[in-house]
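Fit chain V to the given chain H structure using the hints.
Those protein sequence lines, which keep their order, are chains H and V.
full-length UniProt numbering numbers the first residue of the first sequence as 1 and each following residue consecutively.
full-length UniProt numbering numbers the first residue of the second sequence as 1 and each following residue consecutively.
Be careful, since some hints might not be right.
For the chain V half of the interface with chain H, some residues (derived, Cβ under 10 Å), not all of them [stated by the list, open to error]:
| hint | residue |
| --- | --- |
| 1 | 1 |
| 2 | 100 |
| 3 | 196 |
Because the hints were derived from the structure by calculation, they are not lab data.
The beta-carbon is built from N, C-alpha and C at its ideal position, and this holds for glycine as well.
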Amino acid sequence: MASTSTPEQKVILVGDFGVGKSSLFRRYMCDTFINSNDRKATLGLDHYSKTFVVNGRNLKLLLFDTGGMERIASVTSSYYKFAEAAILCFAMDNANSFHSLSQHLVDITMFAENARIFLCGNKMDLPSEVTDDDMQQFCEQCHGLIQGTFKTSCKNNLNINEMFTVIAQSLCETNRSRLELQELEHHGFKVHPPEENVENCSC
Amino acid sequence: MDEEYDAIVLGTGLKECILSGMLSVSGKKVLHIDRNSYYGGDTASITPLEELFAKFKQENPGEKYGRTRDWNVDLIPKFLMANGLLVKLLIHTGVTRYLEFKSVEGSYVYKQGKIAKVPVDQKEALASDLMGMFEKRRFRNFLIYVQDFREEDPKTWKDFDPSTQNMKALYEKFGLDPNTQDFTGHALALHRDDDYLAEPAVLTIRRIKLYSDSLARYGKSPYLYPMYGLGELPQGFARLSAIYGGTYMLDKPIDEIVLENGRVVGVRSGSEVAKCKQVYCDPSYVKDKVRKSGQVVRCICILDHPVANTKDALSTQIIIPQKQVGRRSDIYVSVISYTHQVSAKGWFIAMVSTTVETDNPENEIKPGLDLLGSIAQKFVSVGDYYEPTDNGLESQIFISQSYDATTHFETTCLDVLDIFKRGTGEDFDFSKIKQELGDEEQ
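Excised from the complex, chain V in its bound form:
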């Protein structure tokens, strides 16, 4: 440990592992430390199942849920958009070769107590039971507009300036009713609240395109999920970092981040000090440089059946738009199962999450829980959401934000890319990674 590094990364959560990989690939000498004895921090998948029960202080379930080591349970449920930033990062860094994925089978949206498939193309728009007949036509016209839309070609904008006019105006142009706006904004564009209505329409158009492009990649739904759980993702990036020279230490408590004249010079564990020019870490390592900006409630549920009205999908996502249940932020439900090797045969893991708005968070996710039918076991947690109060430019300490309630990794990747840019002064250069490292087809 008593060496000098360009960067020390604290915590092996997904964001820190991606950063560690990017820094090592960029030629930096990296030391990566975690206080836990396992990789992944909050983004680890818990295995075997009794570990999850122990974590939530519940009695060891024995073999009630099948073989306990067949379980890999995420604490923070998310899916990958097939055409999203994380998949791009995985492909460009070659980390994809360590992982296997399966498509998520269904994507649903909640309306008046029931769920319906999210319609994304013209055919589905016309077949959808989310809208009346006239509204279907209007929605279909809107989808055609978005499909044909090219940012670089003003002719496709059809007398509408998407960079100055807001989304509300675009909805009005097509005469979409509030109901249609609701599932478009929340289940297709995946906005968490309604602030987007006042923002330039182009931002939402991009997100709808991301959804439909993702859907086009592997069919069924726009979402992917890795075999054996999300915990495989940080591990894949950790391996990338190690291969490019990063040093890993686990089970190492961090006692102090050493500063000189307001600038980081090292990290102390016990009597050892590792010197460095920069520190990258998650909020839990720097309690004095972050502020709590909210809370996320998450409920992990073990089920012995698929969710009703999803055609018995073995994996699915359901979005409950805020307005449907009188809230300011959406409720997300994700379901995965043995098909992704995250549970024993015949069992399902459903996760319901949302941003906390009241002092009774468990009650807030009730509309999501009600969709699940009988629940064999429930684990509720309320996590604080932290944001850094220091952008790192002076101190050279770069802190990631906590994981938000969104069910995909777009915000996660944007945070990582932003931190990388602040830390190194440049955008990440994907071409720096040797494609096919040591892997020559013969």
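In isolation and in its complexed conformation, chain H is listed as follows:
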């Protein structure tokens, strides 16, 4: 069942409701922005994969959105499983969303302990309640768990491509060293419709 195609890495968006995770997702997916507070907009956003070229090698980032489950309930633990990277999101104009990051961080380290974590302050186009010092302090408190910090604006399309490119580069590096160490026995497979499987067997 080994796959020879482009390696694919799961990346998840994590953070409070309303910080712009789905907007990041939409920018990533089709470079659009919906300027409204229509909460139903998260509808139908599941995951999207995009190929990045890092040092001449292809790497697919498979970005997952939460499906809006965090609105009232919590996101399922299975959302975190198999994630290689997590983007810890808050809104620059909302200090509360910054303060709840530590809880989200606990969830990530609990359910996706190997994930590389990136901090993303979104809505930098709005008046800021969170300073660069606050962000730096948070990273220090996390004992080096945070692999990179970004300030983005989905509305003005600032820093978003850059962020995903850095994540891709970072994963490419860890991926290389991890592949060498990885014990294949721990890997499962996806179930596919039978037709596909028959094709696979013929090779």
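Structure of chain V alone, referenced to chain H:
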């Protein structure tokens, strides 16, 4: 909460989550509530390990069993048939993309105190130590008949009408002895008791084909098991529901299902009432509309070794046919381990379950426990099995059955599909789900 919904689903067990997903996908506005603070209800996988000890009121084990958060322990052990209904549902709904699976390594059947590999093809039939030489030939002929059998082609029926003649008659046609009948009916066709002997043979033929088709999919055994435990399954369907607009609420006690003229109009929690046209729920939310129809005993065992005579399999299933131990229903043993990320390295989880027949249920599973060797820790539970007394057609309250003792999900899925049909008046239309939702290969 104070909105109006097409359907409110109560409980986030696997059945309710599949239903919630199917309803959302069908365009219904769904509110999904659980009284617990976690997803999965009875079908959750318990993690970390101290939670399991707390649940069974046993002392915190500390680090005796390795890192406790490496454990994900199911309360209701089951495997997926690789070609079965649940896998079909997972593929058609796209939920498979959230999960990874591994094959279960071995499938065994118990005979006279020992276990033997379940033979499923001609070669295995001849090599099996379950039968004597002449019986092997007869069994091989039977397997060839089943393999070649096509429901739509009467020529393959070989002068036997499988829809009117019963399974007993088919066994007699091939001259199979009671022993062979026993493992065929219970370990291949996965019947729970012997009622099938009097039923049309085609039903059993289908089940044997399901077994062998499942085996052909990924080899080793016909069974699959998800990485990180069965609790991943309800969560996958919950996500599907959320993506199609379903709203989730956890940790929300349900105080009343509000009826008007015998028909459901809403659900009350404290002073809040959410209005709805329909309610879908598990039996624990409607104690007055279900009856207890039996009990299932389940024993979770922590082992530090694989089960003897399974070639050190890291995962396996063993079926003890009822007659072998003088019972009316089979005993099931399933073993999983760190290879499925459900235990710390080096540890195994064995589960022994059966339908309760006496007032000493723990004693009933003894033949299963005896196969396991030394047991580091044991958790026994006896659960009531409930069936709804209301089919929901008047009240619009649709209630699932409790999870039975079978070790696979076929009955689970049939219940779900039946509830969906009663609730919506139509069979579930798989084509309604956009394939590759938001996922475009570039």
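Exercise. Can you give the numbers of the hints that this structure goes against, from lowest to highest?
Worked result: 3
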